[in-house]
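*Asks:* Chains as they are written, first to last, in the numbering used here: chain B, 1 to 350; chain L, 1 to 357; chain S, 1 to 354.
Worth flagging that the hints you see were computed from the coordinates, not collected in a lab.
Lysine to any residue pairs mimicking SDA-like chemistry, simulated, CA-CA at most 25 Å apart: (1) K180/B to L241/L; (2) K75/L to L159/B; (3) K137/L to S40/S; (4) K327/L to G77/L; (5) K164/B to I301/S; (6) K263/L to A192/B; (7) K289/L to L241/L; (8) K180/B to Q237/L; (9) K175/L to K207/L; (10) K327/L to G313/L; (11) K214/S to R332/B; (12) K137/L to A161/S; (13) K164/B to P112/B; (14) K327/L to D356/L; (15) K175/L to N351/L; (16) K137/L to N156/S; (17) K242/L to T261/L; (18) K180/B to P262/L.
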Amino acid sequence: MSALVSQSERPPPPAPAGTGARKLTERAFRIRESGIIVVLVVFVAVTASVQPRFLNITNIQFILVNTTVFALLALGETMVVISRNYDLSVGSVLGLSAYLSASLFGGHPGFPIPLAFLAGLGIGLGCGMLNGIMVAAGRVPSLVVTLATLYIFRGTDILIVGGKEVVANSLPSAFLEIPKATVLGIPVLAIAIAVVIGIGAYYLRSFRSGRELYAMGSNPDAARLAGIPVGRRVFVAFTVSGAIAGVAGVLWAAQYGTIDSTAGTGYELQVISAVVVGGVAIFGGSGSAVGAALGALLLNTISSALYVLGISPFWNQAIFGFLLLLAITLDRFISVRLTAALRVRGARHE
Amino acid sequence: MQLRQTAGLAVPLVVASVLLAACSSSGSSSTSTSGGTSSSSASSSGAGGLKTGLKVFVIPKNLGNNYFTTADSSKSGGAIAALEALGETGTETSGTAATPASQIPAIQGAISKGANALIVSATDPTALCPTLNAAMKRGITVVTYDSDAPTCRDLFINQASTAQIGTSEVDVLAKQLNQTGDIAIVSATASATNQNAWIGYMKQELKKYPKMKLVSTVYGNDDPTTATQVTQGLLQQFPNLKGIISPTTVGIAAAAAVLDTPKYRGKIALTGLGTPDSLKKYVSDGTIKEFVLWKPNDLGFLAGYAAVQVASGKLNGSQGQKFTAGKLGSFTVGADKTVLLGPPFVFTSDNINQFDF
Amino acid sequence: MSDRIRAWMGPLLRWETGLALVVVIIGIVGASVSSQFFTSNNIFNLGLSYGEIAIMTLPMTLIVISGEIDLSVASILGMSSALLGYLWARHWPMLGIFLLVAVVGLAAGAINGLLVTRLGLPSLAVTIGTLAVYRGIATILLGPNTVANFPVTYTNLGVNAFPFTGNDLTYSAAIFIVLAIVFGIVLHATPFGRSVYAMGASVEAAQFAGIRVKRNKTILFMTSGLVCALAGVLLTFRLNTAVQNNGLGLELAVVAIVLLGGVSIFGGKGTVIGVVLGVLAFAGIQNALFLTDFNQEAAGIVTGALLLLSVFGRNAASFSSRLRQWRPARPGRGGGLRASTGQEPGNPAGITPP
Numbered sequence: 001m002s003a004l005v006s007q008s009e010r011p012p013p014p015a016p017a018g019t020g021a022r023k024l025t026e027r028a029f030r031i032r033e034s035g036i037i038v039v040l041v042v043f044v045a046v047t048a049s050v051q052p053r054f055l056n057i058t059n060i061q062f063i064l065v066n067t068t069v070f071a072l073l074a075l076g077e078t079m080v081v082i083s084r085n086y087d088l089s090v091g092s093v094l095g096l097s098a099y100l101s102a103s104l105f106g107g108h109p110g111f112p113i114p115l116a117f118l119a120g121l122g123i124g125l126g127c128g129m130l131n132g133i134m135v136a137a138g139r140v141p142s143l144v145v146t147l148a149t150l151y152i153f154r155g156t157d158i159l160i161v162g163g164k165e166v167v168a169n170s171l172p173s174a175f176l177e178i179p180k181a182t183v184l185g186i187p188v189l190a191i192a193i194a195v196v197i198g199i200g201a202y203y204l205r206s207f208r209s210g211r212e213l214y215a216m217g218s219n220p221d222a223a224r225l226a227g228i229p230v231g232r233r234v235f236v237a238f239t240v241s242g243a244i245a246g247v248a249g250v251l252w253a254a255q256y257g258t259i260d261s262t263a264g265t266g267y268e269l270q271v272i273s274a275v276v277v278g279g280v281a282i283f284g285g286s287g288s289a290v291g292a293a294l295g296a297l298l299l300n301t302i303s304s305a306l307y308v309l310g311i312s313p314f315w316n317q318a319i320f321g322f323l324l325l326l327a328i329t330l331d332r333f334i335s336v337r338l339t340a341a342l343r344v345r346g347a348r349h350e
Numbered sequence: 001m002q003l004r005q006t007a008g009l010a011v012p013l014v015v016a017s018v019l020l021a022a023c024s025s026s027g028s029s030s031t032s033t034s035g036g037t038s039s040s041s042a043s044s045s046g047a048g049g050l051k052t053g054l055k056v057f058v059i060p061k062n063l064g065n066n067y068f069t070t071a072d073s074s075k076s077g078g079a080i081a082a083l084e085a086l087g088e089t090g091t092e093t094s095g096t097a098a099t100p101a102s103q104i105p106a107i108q109g110a111i112s113k114g115a116n117a118l119i120v121s122a123t124d125p126t127a128l129c130p131t132l133n134a135a136m137k138r139g140i141t142v143v144t145y146d147s148d149a150p151t152c153r154d155l156f157i158n159q160a161s162t163a164q165i166g167t168s169e170v171d172v173l174a175k176q177l178n179q180t181g182d183i184a185i186v187s188a189t190a191s192a193t194n195q196n197a198w199i200g201y202m203k204q205e206l207k208k209y210p211k212m213k214l215v216s217t218v219y220g221n222d223d224p225t226t227a228t229q230v231t232q233g234l235l236q237q238f239p240n241l242k243g244i245i246s247p248t249t250v251g252i253a254a255a256a257a258v259l260d261t262p263k264y265r266g267k268i269a270l271t272g273l274g275t276p277d278s279l280k281k282y283v284s285d286g287t288i289k290e291f292v293l294w295k296p297n298d299l300g301f302l303a304g305y306a307a308v309q310v311a312s313g314k315l316n317g318s319q320g321q322k323f324t325a326g327k328l329g330s331f332t333v334g335a336d337k338t339v340l341l342g343p344p345f346v347f348t349s350d351n352i353n354q355f356d357f
Numbered sequence: 001m002s003d004r005i006r007a008w009m010g011p012l013l014r015w016e017t018g019l020a021l022v023v024v025i026i027g028i029v030g031a032s033v034s035s036q037f038f039t040s041n042n043i044f045n046l047g048l049s050y051g052e053i054a055i056m057t058l059p060m061t062l063i064v065i066s067g068e069i070d071l072s073v074a075s076i077l078g079m080s081s082a083l084l085g086y087l088w089a090r091h092w093p094m095l096g097i098f099l100l101v102a103v104v105g106l107a108a109g110a111i112n113g114l115l116v117t118r119l120g121l122p123s124l125a126v127t128i129g130t131l132a133v134y135r136g137i138a139t140i141l142l143g144p145n146t147v148a149n150f151p152v153t154y155t156n157l158g159v160n161a162f163p164f165t166g167n168d169l170t171y172s173a174a175i176f177i178v179l180a181i182v183f184g185i186v187l188h189a190t191p192f193g194r195s196v197y198a199m200g201a202s203v204e205a206a207q208f209a210g211i212r213v214k215r216n217k218t219i220l221f222m223t224s225g226l227v228c229a230l231a232g233v234l235l236t237f238r239l240n241t242a243v244q245n246n247g248l249g250l251e252l253a254v255v256a257i258v259l260l261g262g263v264s265i266f267g268g269k270g271t272v273i274g275v276v277l278g279v280l281a282f283a284g285i286q287n288a289l290f291l292t293d294f295n296q297e298a299a300g301i302v303t304g305a306l307l308l309l310s311v312f313g314r315n316a317a318s319f320s321s322r323l324r325q326w327r328p329a330r331p332g333r334g335g336g337l338r339a340s341t342g343q344e345p346g347n348p349a350g351i352t353p354p
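Here chain B stands alone, though its shape is the one from the complex (with noise of 0.2 Å):
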């Protein structure tokens, strides 16, 4: 796909600290994330005003547990997708981790809860070494590495569930109540999941390794260059998403009660999708996990105006692509602009 990293359309590389230009860069990403943020409130304004009910507690609990697990996956895949890399194997991890780490309460009654994640960490750590070490090592294509995994992961799913499901009565009662706890009306989950991708987002802002991944996706050439180990910034970004993946997969088991070999089947593309509407270029540099995961939220809200609206659900997927392709155009025009507006600031600098 070289025609993704023609240089007029490359959006700006992060410039050094201080200058003008970081600051213009970071007003981008703010305008971007407000972007979303002001669509979410128009869209929840115009739902509540035709259906009020959209808006009373037990709906906006609904759609805060419902966003939990993409906003998750939403995080790892902007990190790797930030490092232009892809990983379409997400929703393959997810669904191993979910059957394997809620199968070890039936097998054990008593089995402590943490360990049941701790399980589903270790799952998707696994998963995303593996991914990891043929992206970085063997410096092939992620895109072609994460389908091929995603197949061996779901075909290693399959072999291992067959027919069997996991069943809600062989879990125990305070893992399923794991996504109904709330606080002041808020669900715990949600106020937890928000605090990770704050975390997340302060690293990629914040903290050195964080900033590569940025470079590498603007320029790999430059990166290299400039002395940033590439391939193990790539390694670590696949792991943790694939970790993130893992705790997704548990979070989902404990959400649905009762998981077969079809969990997760399809999320790669509906994460990529909240994470492009998030912002993320999709060729890498630029993005933020604030975003990502705003746009994960945005998205849960759509799907689930549409069935408080009663709005066909034949319509559901119509209307999910038209908003994609929408963000895409939008953050094309502000990443053109912002080109050119840091073009002549550093002209102006020299």
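For chain B, the structure is supplied; the task is to place chains L and S on it using the hints.
*Replies:* Below, chains L and S without anything else, positioned relative to chain B:
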């Protein structure tokens, strides 16, 4: 350059070893035959004039589905158990996507492997017909079970009368609601034959309860996420909702998970078709009082027997023909070349613990 | 053939040779474990099951070589199937339906092309969006309904073989062969085909060479739309069913086959022969697995493994040398300085924008 050439040769070698490993590790219950596109290559007569040694393939909508595994496998007393009891060989095969495109290669594969009979749960009422008709033209018996393809099979084994499945769910709900209130249906995919047939009968039965109204039918697509969202949408759209019917195992489990909170438990009645195992928790904590199903293993068992009867020339689907299906007793062929397993079974907290599927 | 073509084909033939060997091995192994493998009946069935997928890989090949991707192919197939059913249920004449379906396919491709070339949007994101939009249109058209009463003359293409060729060749396989030849000639022996390679290698260089990149890419997407619409019609007649989820999920298989055929995801490399071999390998393996009672649930693992082999096999030489050089970075020193990376072949000289 040399390395690359070696790599080019390494790939075929690896592929070859994968295939050879696959062949040596395969070895399921089917016996290998030589050639033979015609049926009954190695059959002989067994008890009751039924042929033995038939190769029968059981082709559910998809593999990896607990309901079908119960219906088909030998361990649970399903179709393959019946086939083995009769001295035939039974193999379960299908795709993983529950679509015709995924199921058809499995059917074709079965035909190629010399099937004498096919037992199929149709992913679509018409899309399989070209393939199934071609099979029947070659003398292969085609019996559908669970989900029908009405114009291209010798016999259909229906789990319960379509009408009864629909009406019993409405009756169960009516009883819990004192015959008053708004209700909704959470279905599977919009195009599923059995779903639409059952819903049709539900609407008819609702006419008996003028104070109950069906306010909406939504589709969960047999996907937990979608089923959850459509259920949540119902709750917001219809604050006066009193009951939900979900005639699909994935749908009812997802709806139960949504309703399993103090706010809704007991306030909104839930019923439908579900497997006892997946719903035990919700029955025990009161989210679901009663639900309906049949015994999938019995369904498969009956289908196995029926297929062998047809393949042995004992049954041709005319109305009124009788046959026995082992421990299940005797059955009579009804209209439309359909055999009914029996009335739907109502599961309650009293009896649910007796089952483990 | 011109020298330029020969120069490109030289290194490419390495992968295609290996792949051809793979196909042969699959054939041998398949035949030895199942006497049904090479029967006329089995080959006919393979043609039926994979015909539409195979047809869709051809325009995808050109699109990927040109440096883009089209993930909406299965949705265009579904949309044309739904349109066919929708119009037939409303008693349109079949000829009129064919025309409209073709136009809609072209339009769908044109939309993809315009979004990518005129608005400069990345094709991966665009086609994920149009994947949803077109599938959505299919769903809106048919809703929960199924149309299954197509005339026998048309549905026979799912039952009968292509005339005059015995019993082996399905209509879709015949169409695939014809299209493969056409696409092969276009790609390897026309200026347009050369421009496809050029655009994939470097958009700037292609533009400087006078190639009308935007027009050509739009043509590629429109061709894909038309061909996928054709595949949709074929699928609908074969199944005698128009339903909203026809073809759901097939895009990944199409991409997998194209990659398996040796087409580089970065663009600029690949051949039609390779993709044809890829189709044979993919279909052959899945079929062999079915016939040998290998756990079909694990068929996906084999597909994934093949895909990995396809990229690692190509990179094997560079992979092993890089592995030797891959060390943790020390401050101030990169993890292996190189002038060019595997990530950006479109910029081998490392020229950065002003």
